[in-house]
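Visitor: Going by our numbering, the first sequence opens with residue 1, and the numbers climb by one from there.
Warning: the hint list may mix true and false statements.
Claimed, not checked - In silico DMTMM-like pairs for lysine to aspartate or glutamate, Cα to Cα no more than 25 Å straight-line:
hint : residue 1 : residue 2
1    : Lys219    : Asp207
2    : Lys2      : Glu26
3    : Lys408    : Asp714
4    : Lys563    : Asp552
5    : Lys595    : Glu616
6    : Lys2      : Asp252
7    : Lys629    : Glu566
8    : Lys563    : Asp542
9    : Lys46     : Glu278
10   : Lys339    : Asp356
11   : Lys589    : Asp575
12   : Lys198    : Asp162
13   : Lys163    : Glu468
14   : Lys194    : Asp183
15   : Lys72     : Asp180
16   : Lys752    : Glu805
17   : Lys339    : Asp252
18   : Lys46     : Asp463
19   : Lys555    : Glu566
20   : Lys72     : Asp243
21   : Lys752    : Glu545
22   : Lys476    : Asp453
23   : Lys133    : Asp214
24   : Lys190    : Asp222
25   : Lys163    : Asp487
26   : Lys476    : Glu278
Honestly, the hints are just simulated from the structure, not real lab data.
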Amino acid sequence: MKRLVLIDGSSYLYRAFHALPPLNNEAGEPTGALFGVVNMLRAHLKEQPDYIAFVVDAPGPTFRDDLYPQYKANRKAMPDDLRAQVEPMCEIVQALGFRILRVGGVEADDVIGTLAMQGAGEGLEVTISTGDKDFAQLVRPGIALVNTMSGSRYDSEASVVDKFGVRPAQIIDFLALMGDAVDNIPGVDKCGPKTAAKWLGEYGTLDGVIAHADAIKGKIGDNLRAALPRLPLNRELTTIKTDVALEYRPQDLVLQPRATDALRTLYARYGFKQALRELEGGAAGADADAGRISVRGTAAGYARAPAPASAEPLDPALATQGEYECVLTDAQLAAWIAKLQAADAFAFDTETDSLDPMRARLVGISLAVETGHAAYVPLGHTYPGAPAQLPGETVLAALKPLFADPAKRKIGHHGKYDLHVLRRHGIEVAGYAEDTMLESFVLNATATRHDMDSLARRYLGYDTITYEQVAGKGAKAISFAQVALDDATRYAGEDADVTLRLHRALATKLAAEPALERVYREIEMPLVPVLERVEANGVLIDADELRRQSNDLGKRMLVAQQKATELAGRSFSLDSPKQLGQLLFEELKLPALVKTPSGQPSTNEEALEAIAELHELPRVILDYRGLAKLRSTYTDKLPEMVNADTGRVHTSYHQAGAATGRLASNDPNLQNIPIRTDDGRRIRNAFVAPAGRRIVSCDYSQIELRIMAHLSQDAGLLRAFESGADIHRATAAEVFGKTLDEVSGNERRAAKAINFGLMYGMSAFGLARNLGIARGEAQDYIALYFSRYPGVREFMERTREQARERGYVETVFGRRLYLDNINARNQGLRAGAERAAINAPMQGTAADIIKRAMVDIDDWLAAHRDRALMVLQVHDELVFEVDAAFLDTLLAEVPQRMAAAAELRVPLVVDSGVGDNWGQAH
DNA sequence: TCTACACCGTAC
DNA sequence: GACGTACGGTGTAGAC
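Work the whole structure out from these sequences, hints included.
Guide: In C-alpha cells:
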C-alpha cells in the first residue's frame with residue numbers, strides 16, 4: 001500500500017520554537033525551531049513515504065476570519081527570532097525534495113484535511129504529522145495522526161477515545177464545547193475535556209447537548225446555557241475543511257530527489273552536524289548517534305515536549321499488537337517450557353491481586369522470548385465460569401529451574417515487584433539481568449515517567465491497554481483474579497511482549513552511552529535483588545510503644561486545642577490553614593509576613609514564629625502542629641502498616657524515584673522518621689530488634705561535603721577533611737580567621753549554614769533568612785567563604801557552565817541529570833535549574849556510593865543471612881538487625897565496606913552505633 | 001464518595 | 001523570587 005505523509009509545517013515550527021532552547025549558529029542566526037523541524041523531517045524521510053507534502057499557512061485572512069472577526073485576534077505577531085527561521089526552513093524543505101503547499105483563503109489544516117480525505121479515498125495509507133490535536137477529527141481507517149514532538153500516535157478510533165474520551169466524529173463538537181484559547185474561541189466556561197467528553201458521552205453530539213442544556217444542573221449548566229448562542233459558530237470554526245479546491249492531487253506529491261549540494265550548504269550554515277554527517281553517508285552509525293546529538297543539544301526542549309522522536313523514527317513493527325496465547329493445557333505449557341529452555345533470555349511479568357508485593361497472591365505469569373509473541377499462564381482466575389487452569393504447583397515447578405538458572409537472563413519491567421511475588425511463591429529468581437524501568441531511568445531520569453505504558457508510548461509509539469481498561473478503577477475496580485481470561489491474556493501477554501520490545505529499544509540507546517550503561521549495569525541492576533531483600537526483611541516495630549506515644553500526643557493535642565480555643569475566643573479547626581489564616585490575619589489583624597506560592601498569607605512555621613511575640617496563639621498552634629504531625633504521620637500510621645504475616649513493616653524503595661539517583665521510600669516512607677526534636681526522635685525507639693538481636697546504624701559522615709571537596713579539588717576543603725576536624729568548625733575557623741578552639745557556637749552555626757546552603761545553591765537572601773541576619777551580612781559571609789575556598793566557587797561556575805552547554809550534569813560515576821530549564825527564558829525556572837545543577841552531582845554521587853556499598857555488603861552478608869539483616873536505607877545511613885554474637889564481626893566489616901565504596905580525594909568516614917532500637921543506635 | 005490540589009512538615 | 005531531593009497527612013472544592 002502506498003503511503004502519503006502530510007506535514008503540518010506551521011504547527012511544528014511554532015511548537016519547536018517554543019519547546020526548544022534559543023539555539024544559534026556561529027553567525028548568531030537563530031536555529032532552534034529550524035533544528036526541531038529538520039529533525040522531524042528527517043524522521044519522516046526514514047519512513048520512506050511514497051508521497052509527502054509540507055503544508056504551511058499562506059499569509060492573509062481565511063474564511064474563518066470572515067465567519068468570526070476575532071478569530072486568532074489575540075495572537076501576537078510572530079517573534080523576530082522565529083520569523084527569521086521561516087525562509088531557511090522552506091529552503092531546507094525544498095532541498096529535501098518535499099513539495100511545499102501554501103493555499104490562500106484557507107489554513108494549512110484545511111489543505112491537509114482535503115488531501116488526507118482524497119488520499120484515503122484512493123486507498124493510500126495517510127499519516128498526518130502535526131502538533132495540533134484538532135486533527136483527531138480526521139482519524140479513521142486509512143488516516144492516522146502522529147506528533148513526532150510528543151511521540152503520540154492516533155491510528156484508530158479506540159486510540160482517540162483513549163486520549164480524549166470521545167470518538168473522532170465527536171472531536172469537532174468536543175472542541176466547540178471547550179473552545180480554544182489560542183485561537184481566541186471562547187467555549188463553555190469551566191468546561192474542560194472531562195466535562196465535554198462526559199456530555200458528549202451522554203447526548204452523542206453537540207446538538208444533543210444543546211437540546212438537553214436545561215437538564216444540566218449547577219453552575220456549569222448555567223455556563224452552558226450562557227454559551228449556547230455561540231456553539232454552532234464554534235463548530236464551524238473547529239471543523240477542518242475537506243473539500244478545498246486544490247491544484248494538486250495526492251499522487252502529485254511524489255518525493256523529489258534531494259538537492260545534496262544545497263542541503264550540505266544549508267546544514268553547514270546552520271550547524272546541523274548530525275544531519276550533515278548523515279548526508280555524507282554515515283547512515284548506520286548515524287542512527288544511534290542521532291539520539292545523542294538531539295538530547296545533548298536540546299535537552300531542555302525535549303524534556304518539556306516528551307519523546308525525542310523527531311530524531312528517532314519509530315519502527316512501525318514495534319508498534320503493532322502481538323499475538324498472545326493463553327496457556328491452559330499441559331501440552332501448551334510443555335511447548336512454552338521448551339521455547340524458554342532453548343532461549344538464552346526471556347521477558348516475564350507476574351499478575352497478582354495486590355499492588356503490595358508482600359501481600360500479593362499470584363494470579364498468572366506471562367512470558368516472551370521473541371517480540372510479537374507471548375504466553376499468559378493463568379493460575380488463579382476465580383470468577384464464576386472461569387475455564388479450568390493448570391495447577392499453580394505444576395506451573396511453578398516447571399518454571400522454577402528456568403527462573404533459578406543464573407545463566408538464563410531474565411528481562412522485566414520493575415522486576416523487583418515480581419521478584420518479591422515469585423519468592424513468596426517459592427521461586428528465588430537468579431539471573432535477573434535487565435529491567436526496562438531502570439534502563440529508562442538511567443537514560444533520562446526526568447524525560448518521562450518510567451511506567452511501562454509511558455515507555456511504550458514514548459519509545460515504541462505503542463499504546464498499551466491499561467490496567468484500568470481490563471479491571472476498572474476506583475471503587476469499582478476488580479481484582480485481576482476476576483478479569484476474564486481473554487482480557488487478561490491480552491493485557492498480561494502485552495506486559496511481557498512490550499517489556500521485550502522496550503528492552504530491545506532501550507538497550508540500543510544505552511549501548512551508545514557507555515557511561516550510562518555502566519551506571520545501569522554496575523550500580524542499578526545489581527541493586528535490584530538487594531533492595532528486594534531489604535524490603536522483604538522489613539523492620540520490627542514496637543506497635544505498643546507507638547500506641548502509647550499516640551495516646552500521650554493525643555492528650556497534649558487536646559490541651560493545646562483547648563488553649564487555642566480560649567485564646568481565639570471561638571472554636572476553629574487547628575488543622576485548617578484556611579480557617580487559621582482567617583483567624584490570625586483577618587480577625588486578630590496580625591501581620592501576614594509570609595505568603596504562600598499562590599499569594600495567600602501563609603500560616604507555616606516561619607510565619608507563625610514571626611508573629612509569636614505579638615500574640616500567644618501562634619505559639620500554641622505551633623505546638624499543636626508539631627504534636628499532630630507526629631501522631632497522624634507516624635505514631636498512628638506505622639502500627640497500621642505492620643504486615644500480618646511477618647509482623648514487621650515493609651517499606652518499598654523506589655529505585656527510579658528521585659532524579660538524582662537517590663532512592664525514595666514509601667508505604668510507609670521510612671526515610672523521614674523524625675530525629676530533630678525529642679518528641680520526634682522518640683519514634684525511633686519503636687524501631688526495635690527481636691530478642692537476642694541489636695540494631696546497628698552506620699552512616700557516612702558529611703558525605704556530600706566530602707564529594708564537594710573531591711569535585712572542586714579545593715585545597716582548603718581537602719585539607720580540612722584530611723585533618724579529620726569537625727568540618728563546620730574548620731570552616732568557621734577559616735572564614736572568621738580563628739583557631740579551631742576560638743570558634744564560637746554562633747560562628748560554627750553560620751559556617752554550617754553556609755556549608756549546607758552551598759550544596760543547595762543558596763543565595764545570600766536564603767542564608768540571611770536562615771541565620772536571621774541582614775542580607776548584606778550574609779553576602780559578606782559568602783564572599784569571605786569563597787575567598788577562602790576559591791576552588792569551590794570555580795567548581796560551581798564550571799558546573800553551571802557544563803549544564804548550560806550540555807544540558808546535563810553528571811556524578812562521579814557518570815550518572816546524568818538532564819536539566820530541562822537550564823536555558824529557559826524564564827529567570828525563575830532557569831535559576832532553579834542552576835541550583836539543581838549544583839546539587840545533583842553531590843547528591844547523586846552520594847546516592848551512587850551508598851548503592852555500591854549496599855551491593856557489596858549484601859554480597860558479604862549472603863553467607864550470614866541468619867545472623868544479620870539489612871533493614872533500612874536512609875540516603876547516607878544503613879541500618880542492620882544483628883545477632884548479638886555477630887555484632888563485632890559486622891561492626892568490623894560494614895563500615896569498612898561502606899568507606900571503600902568509592903575512592904575520592906578525601907577519605908570517606910563512616911560512623912556507627914549500636915542499640916536495642918534505632919533511637920539508641922543512631 | 002472520590003479526586004485533585006494547596007498547604008504544611010518530616011527526612012537527608 | 002530567593003535551598004536541593006523526596007513522601008504523605010489534612011483540608012477543601014468540585015465532580016460523581
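Visitor: Against this structure, judge whether each hint is valid.
Guide: Hint-by-hint comparison with the structure:
no., hint, result
1, Lys219 x Asp207, "21 Å, holds"
2, Lys2 x Glu26, "41 Å, violated"
3, Lys408 x Asp714, "48 Å, violated"
4, Lys563 x Asp552, "17 Å, holds"
5, Lys595 x Glu616, "21 Å, holds"
6, Lys2 x Asp252, "13 Å, holds"
7, Lys629 x Glu566, "22 Å, holds"
8, Lys563 x Asp542, "32 Å, violated"
9, Lys46 x Glu278, "12 Å, holds"
10, Lys339 x Asp356, "31 Å, violated"
11, Lys589 x Asp575, "20 Å, holds"
12, Lys198 x Asp162, "13 Å, holds"
13, Lys163 x Glu468, "14 Å, holds"
14, Lys194 x Asp183, "20 Å, holds"
15, Lys72 x Asp180, "10 Å, holds"
16, Lys752 x Glu805, "32 Å, violated"
17, Lys339 x Asp252, "50 Å, violated"
18, Lys46 x Asp463, "22 Å, holds"
19, Lys555 x Glu566, "17 Å, holds"
20, Lys72 x Asp243, "23 Å, holds"
21, Lys752 x Glu545, "35 Å, violated"
22, Lys476 x Asp453, "22 Å, holds"
23, Lys133 x Asp214, "30 Å, violated"
24, Lys190 x Asp222, "11 Å, holds"
25, Lys163 x Asp487, "20 Å, holds"
26, Lys476 x Glu278, "53 Å, violated"
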